[in-house]
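Number of protein chains: 2
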Amino acid sequence: MTLTANEQMWSELGIDLESHGQLMNALGPIYGEIYLSQKNRPQGMGFYDFVVGDIHGIRVKELREHAKDGGKVVATYCVFVPEEFCWAAGAIPVSLCAGTQFSVPVAEEVLPRNTCALIKSSYGFKLGRLCPYVQVSHLIVGETTCDGKKKMFELLAEQQPVYVMEVPNKRSTAGRALWQQEVRDFKAKIEELTGNEITVENLGEAIKKVNARRREFRRLSALRAADPAPISGKDALLATQVSMYDDVERQTQMITALNDELEERVKKGEGVAPKGAKRILISGSPMAIPNWKLHHIVESSGAIIVGEESCTGSRFYNELIPEGIGNLEDMLTALADRYLKTNCACFTPNTERLDDIIKMARDLKADGIIHYNLQFCHTYANEAVQVDRALAEAGIPLLRVETDYSDEDAGQLKTRIDAFLEML
Amino acid sequence: MTLTANEQMWSELGIDLESHGQLMNALGPIYGEIYLSQKNRPQGMGFYDFVVGDIHGIRVKELREHAKDGGKVVATYCVFVPEEFCWAAGAIPVSLCAGTQFSVPVAEEVLPRNTCALIKSSYGFKLGRLCPYVQVSHLIVGETTCDGKKKMFELLAEQQPVYVMEVPNKRSTAGRALWQQEVRDFKAKIEELTGNEITVENLGEAIKKVNARRREFRRLSALRAADPAPISGKDALLATQVSMYDDVERQTQMITALNDELEERVKKGEGVAPKGAKRILISGSPMAIPNWKLHHIVESSGAIIVGEESCTGSRFYNELIPEGIGNLEDMLTALADRYLKTNCACFTPNTERLDDIIKMARDLKADGIIHYNLQFCHTYANEAVQVDRALAEAGIPLLRVETDYSDEDAGQLKTRIDAFLEML
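Residue numbers (UniProt numbering), protein chains in the order written: chain A, 1 to 424; chain B, 1 to 424.
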């Protein structure tokens, strides 16, 4: 059997070629159906089609080249992990949360079945040797944002070096102090891993780079407020998902070009759905690649998704880190404080998130909100009770959805979503 | 309709008399079947029969009397909350975790159904106005030991004043610093609530009192190492459960008397099960009153439960606080450090618990271990994977059980447990 260049690379990385081949073969048709079937897509999405078309190829090759030259690759699973330290120290961060049912069964051989699909899929990618990104990485960085992940990382540590950052549960004085220390400890860990010191200069550069990408995502978010919407929710979600593991500067460049194009569309009143199409804001659990399930159902029903209040949405890009601070201690403090503003359901209380949802719904002129909950995700499921009340008070219609990565409930979801859209 | 004195009291506390009456009427026959049917029980259990016979009566009356005189009652749900501060400041702590399916349906009208039964039952007790203890309390103290409880407390706070203590996720230097601060903040909160200052003197007294009860429970635990076992697992569990909401000195007295009696039994070689009966250690999630389900199944099958590695077991009494420290700061530090030694699955990593389980199994001469997991409790369910491996390595047989408060799986559980006992 002759291996392709990609297969040769995957084989060297310890990938299970047969199983991985099945995964890759399945992805093409799914992407074709969900993405390529869309009409009037922005040209700027061409890049993302290319990326997904070689999803475990070209980027992995870049990371290997980087590693061959002694560079480090840092795998992360959460927007709380400060990627700036990696860029500053010459390491490459790649976010690895996984979004496919394909890797769930192998995880269920070890993890409790009533664990959320994202955790199972992520763990299954490692256990099943299905993910070249985790294989090429030198350090996995976990965090304590939920019980399931917190304990899964202990099992992942049996497979590969894992470092866990503690995210506090309360935004108290003591909680902030703990987080400030955790951020400093993580900086030291990255310095140790790379052998490179993090300085005012290289950290300042990294902050600027990541801020630049955040600014473009904020601009993209603002452009989605137009009616007709210039880009589908699916496409905007994909750009966010890819940005989490791609080079930061390349992404800024790509999103800038995409935004320039969308700006033209908005000026001309052009869009991807007819003016007046029902506008939906999604709020809740993150959607890792290739989890496009909810977006696909909603937009196939004629509505348009105009925003994602989630870790694969606003929580990834909303807050900036102050630039131009001249000393390292103050930079670290400002950086840590920025991350602490991530309104994750791990915090108690987390009323700031309720404000975020309502503000986004108004800014983006959403007709309704779908609260997306990965099954067995306790924090978001509980917080949904409060989201429900806050939105009822604000007069914004809400549909609460709890699902996983399987397609078993697709029909039922579509029925519920159609009924919700009808009602708006 | 003429109300009994208890009903009059419950009514004044805002209890839903009709629903509560159903609960009380159900408890009697259950207790009769599970407890009173046991043979050769220690006489010292008579007190506990009396307590359960008037479970929402006499103790609630005491708490009300205390409150009438301006005293405060503090409701807690976890062994991390330092009860010493309450006793020191003249408040009475009562642990309120709930263990009945009866209060689950009302909770499920609000909480996600895939939440663990303990959390649903606790919340349902408040929502359904079924628990005079929570009604009589002036402050509910929650903690962040799991996602489900952490977020449930936010909803509970809509009903009654709630204060949440943050338990760190890691036992790092920063985690310890956070906990030290949390303990000091909680002390200030209790001082504010009671208007009483916590001093070297009254805290020293409180530490001694709680330590005394812990010492007697440790003695009880050691006595259970005898073969034949001098007391059933059910009875030992009940004593622990009652001690969590009863007066600390009365409990020390009762357990001391019980232990004296058990010591005599051990000397005489008397026990509650035949010498050589299969000896089981239970490890895992807590069992709140009246959750005697697993103990009843195991002991009805002829085995004897010799220990509970759980929050309603060893984690409640294992560690002592150093006595005789002469200044408040050092006392607070020692107290906080004692609580941080609670080997709860909320910590990552938590390998100390694996050591505890193996040590208990050996000390108590257990033939096998049943790992008890409340369904949807992510931390213990994940940790069970590691318990499984550690026990396989240690050569100790393990049965992993996941269940809730309903009786639906009782038959299936019995079959599995019988097969396990057969195998030992």
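No wet-lab data here; the hints were simulated from the structure.
Check before you lean on any hint, since a few could be wrong.
Derived DEER-like restraints, expressed as beta-carbon distance ranges [stated by the list, open to error]:
#  : chain 1 : residue 1 : chain 2 : residue 2 : range
1  : B       : Asp185    : A       : Gly28     : 53 to 59 angstroms
2  : A       : Ala419    : B       : Lys189    : 55 to 61 angstroms
3  : A       : Gln412    : B       : Pro322    : 27 to 33 angstroms
4  : A       : Glu12     : B       : Ala392    : 30 to 36 angstroms
5  : A       : Arg171    : B       : Pro161    : 18 to 24 angstroms
6  : A       : Arg171    : B       : Leu320    : 52 to 58 angstroms
7  : B       : Arg389    : A       : Arg184    : 44 to 50 angstroms
8  : B       : Glu109    : A       : Asp185    : 41 to 47 angstroms
9  : B       : Glu109    : A       : Ser406    : 34 to 40 angstroms
10 : B       : Thr4      : A       : Glu422    : 27 to 33 angstroms
11 : A       : Ala257    : B       : Asp355    : 55 to 61 angstroms
12 : B       : Arg389    : A       : Asn327    : 25 to 31 angstroms
13 : B       : Ala392    : A       : Asp69     : 41 to 47 angstroms
Calculated cross-link-like contacts (lysine-lysine; reagent style DSBU-like; alpha-carbon spacing at most 30 angstroms) [claimed, not checked]:
#  : chain 1 : residue 1 : chain 2 : residue 2
14 : B       : Lys39     : B       : Lys68
15 : A       : Lys268    : A       : Lys189
16 : A       : Lys365    : A       : Lys267
17 : B       : Lys341    : A       : Lys189
18 : A       : Lys341    : B       : Lys170
19 : A       : Lys39     : A       : Lys268
20 : B       : Lys68     : B       : Lys208
21 : A       : Lys365    : A       : Lys39
22 : B       : Lys341    : A       : Lys170
23 : B       : Lys341    : B       : Lys189
24 : B       : Lys170    : A       : Lys189
25 : A       : Lys170    : B       : Lys189
26 : A       : Lys275    : A       : Lys39
27 : B       : Lys170    : A       : Lys170
28 : A       : Lys209    : A       : Lys267
29 : A       : Lys341    : A       : Lys209
30 : A       : Lys267    : A       : Lys61
31 : A       : Lys359    : A       : Lys414
32 : A       : Lys341    : B       : Lys208
33 : A       : Lys341    : A       : Lys275
34 : A       : Lys189    : A       : Lys208
Here the structure is a predicted model, which means the values were calculated and not measured.
Where a beta carbon is used, it is the ideal one built from N, C-alpha and C, also for glycine.
So, going through the hints one by one against the coordinates:
no.: 1; hint: B:Asp185 to A:Gly28: 53 to 59 angstroms; in the structure: holds (56 angstroms)
no.: 2; hint: A:Ala419 to B:Lys189: 55 to 61 angstroms; in the structure: violated (47 angstroms)
no.: 3; hint: A:Gln412 to B:Pro322: 27 to 33 angstroms; in the structure: violated (59 angstroms)
no.: 4; hint: A:Glu12 to B:Ala392: 30 to 36 angstroms; in the structure: holds (34 angstroms)
no.: 5; hint: A:Arg171 to B:Pro161: 18 to 24 angstroms; in the structure: holds (20 angstroms)
no.: 6; hint: A:Arg171 to B:Leu320: 52 to 58 angstroms; in the structure: violated (34 angstroms)
no.: 7; hint: B:Arg389 to A:Arg184: 44 to 50 angstroms; in the structure: violated (34 angstroms)
no.: 8; hint: B:Glu109 to A:Asp185: 41 to 47 angstroms; in the structure: holds (43 angstroms)
no.: 9; hint: B:Glu109 to A:Ser406: 34 to 40 angstroms; in the structure: violated (27 angstroms)
no.: 10; hint: B:Thr4 to A:Glu422: 27 to 33 angstroms; in the structure: violated (55 angstroms)
no.: 11; hint: A:Ala257 to B:Asp355: 55 to 61 angstroms; in the structure: holds (57 angstroms)
no.: 12; hint: B:Arg389 to A:Asn327: 25 to 31 angstroms; in the structure: violated (48 angstroms)
no.: 13; hint: B:Ala392 to A:Asp69: 41 to 47 angstroms; in the structure: holds (43 angstroms)
no.: 14; hint: B:Lys39 to B:Lys68; in the structure: violated (42 angstroms)
no.: 15; hint: A:Lys268 to A:Lys189; in the structure: violated (50 angstroms)
no.: 16; hint: A:Lys365 to A:Lys267; in the structure: holds (18 angstroms)
no.: 17; hint: B:Lys341 to A:Lys189; in the structure: holds (26 angstroms)
no.: 18; hint: A:Lys341 to B:Lys170; in the structure: holds (21 angstroms)
no.: 19; hint: A:Lys39 to A:Lys268; in the structure: holds (17 angstroms)
no.: 20; hint: B:Lys68 to B:Lys208; in the structure: holds (27 angstroms)
no.: 21; hint: A:Lys365 to A:Lys39; in the structure: holds (23 angstroms)
no.: 22; hint: B:Lys341 to A:Lys170; in the structure: holds (21 angstroms)
no.: 23; hint: B:Lys341 to B:Lys189; in the structure: holds (23 angstroms)
no.: 24; hint: B:Lys170 to A:Lys189; in the structure: holds (16 angstroms)
no.: 25; hint: A:Lys170 to B:Lys189; in the structure: holds (16 angstroms)
no.: 26; hint: A:Lys275 to A:Lys39; in the structure: holds (15 angstroms)
no.: 27; hint: B:Lys170 to A:Lys170; in the structure: holds (15 angstroms)
no.: 28; hint: A:Lys209 to A:Lys267; in the structure: holds (28 angstroms)
no.: 29; hint: A:Lys341 to A:Lys209; in the structure: holds (19 angstroms)
no.: 30; hint: A:Lys267 to A:Lys61; in the structure: violated (40 angstroms)
no.: 31; hint: A:Lys359 to A:Lys414; in the structure: holds (27 angstroms)
no.: 32; hint: A:Lys341 to B:Lys208; in the structure: violated (43 angstroms)
no.: 33; hint: A:Lys341 to A:Lys275; in the structure: violated (35 angstroms)
no.: 34; hint: A:Lys189 to A:Lys208; in the structure: holds (22 angstroms)
Violated hints, listed in ascending order, are 2, 3, 6, 7, 9, 10, 12, 14, 15, 30, 32, 33; each of the other numbered hints is respected by the structure.
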